[in-house]
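**Q** With chain R held as given, fit chain Z onto it using these hints.
There are 2 protein chains.
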Amino acid sequence: MTKSQSNPYEGLQRAFHEPKRLAIMAALIGTPSQEMTFTELKEGCDLTDGNLNRHLKTLEDAGAVAFRRSPGPGRPQTIVSLTKGGHRAFLEYLVALEEVLKIAAAAAKPQTASDSGALAKPVRA
Amino acid sequence: MTKSQSNPYEGLQRAFHEPKRLAIMAALIGTPSQEMTFTELKEGCDLTDGNLNRHLKTLEDAGAVAFRRSPGPGRPQTIVSLTKGGHRAFLEYLVALEEVLKIAAAAAKPQTASDSGALAKPVRA
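Those protein sequences? They're chains R and Z, same order as listed.
The numbers in the numbering used here rise by one with no breaks, and the one at position 45 of the first sequence is 45.
Here the numbering used here runs 1000 ahead of the position in the second sequence, where the first position is 1.
The reader is advised that the hints may include incorrect statements.
Listed below are several chain Z residues computed to face chain R (Cβ distance under 7 Å; list not exhaustive) [stated by the list, open to error]:
1) Gly1030
2) Gln1034
3) Leu1091
4) Val1095
Derived by calculation from the structure, the hints in this document are not laboratory data.
From the three backbone atoms N, C-alpha and C, an ideal C-beta is built for every residue, glycine too.
Same shape as in the complex, but just chain R (with noise of 0.2 Å):
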């Protein structure tokens, strides 16, 4: 985090940063099981088949997501699941997204600096 501390831009994983990632990433952890099939997640994020499976490639290759085929009976559909360490890596991405916008909002508005806490409430309390 060190580095992330000098240049906070630097904490925004690229993994998690671009915008259809990103919105993977909320549909899942927002989902109680922590888990969605991939008809679900291709209509909930306006996605077409090809791109969903290359975004939840780098998502993998990235270790915040896993798959798997639903058991029992009736057309096997695949089941994308956040893994564990994909959770506390997206809050991570949170808490940076938040500093930056931070930084970048107060510095849109050096006029009312002061009020520049504006965000203040953090991510993780």
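**A** Coordinates of chain Z only, in the frame set by chain R:
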């Protein structure tokens, strides 16, 4: 904005979302004159000549920055200016980013969903 309202992640303009370009835009918007020399930007954002050139090209293509040569005597320098359109678009980006962060942060802690107003104060009041 209709699209970004239905899917807030679509509101994240890619020209600004890349971490280094986000750093460049925040540096420029935080400077009272809204302009910096190439060298100041390079050092301030921890970039090489080649990387800064590449990112500035993307920002120029988006209409967010413009270039001029320093006037007067002495070694000429490239001065990078934030355009009015770039200023406005970056503020819009920050609002979109705050919205996405709010959604993702709320998803990440469903146990305290009633606290999802953590990032209550808008960037643009």
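**Q** Hint by hint, which ones does this structure get wrong, listed from lowest number up?
**A** 2 and 4
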